[in-house]
Amino acid sequence: DAFAEDRTCLPSDLLAWHHVGLYAYRTKFLMRYSTLSKPAIETHEKLEQLRAIAHRVGIAVLRLEQALPPGVDTPQDLQRMRALLQS
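Numbering-wise, the numbering used here comes out as the position in the sequence shown, counting from 1, plus 3.
Careful, some of the hints might be misleading.
[Stated by the list, open to error] When the alpha-carbon atoms are kept at most 25 Å apart in a straight line, the in silico DMTMM-like pairs for lysine to aspartate or glutamate are as follows:
1) Lys49 with Asp9
2) Lys41 with Glu51
3) Lys31 with Asp9
4) Lys49 with Asp76
5) Lys31 with Glu51
[As the list claims (entries may be wrong)] Label pairs and their computed distance ranges (CB to CB):
6) Ala70 with Tyr26: 19 to 25 Å
7) Ser15 with Thr38: 40 to 46 Å
8) Ser15 with Ala86: 38 to 44 Å
Hints are computed from structural coordinates only; laboratory data are not their basis.
Built from N, CA and C at the ideal position, the CB exists for glycine as well.
Throw the hints in and build the complete structure from the sequences for me.
Below, the structure is given as structure tokens:
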């Protein structure tokens, strides 16, 4: 299983990466997405991107080589990130 809440079933020498979900959508896609049927796998795994994959919509994935910036969860975080992006 690629994702396991009970990690005892995973090999101890397993190479694992940290998942970072960053989503950016165009309005046209969101309008289409809302009409797509929800596959059982999306409900089971609770991963909304599986709906796009099930309907053959491409998803870009990349590997980051640098440390992640801090999260943006509050208005103060947003101000800090805007300042960082402008520098």
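Check: Does the structure break any of the earlier hints, and which numbers would those be?
Finding: Those not satisfied come down to hint 3.
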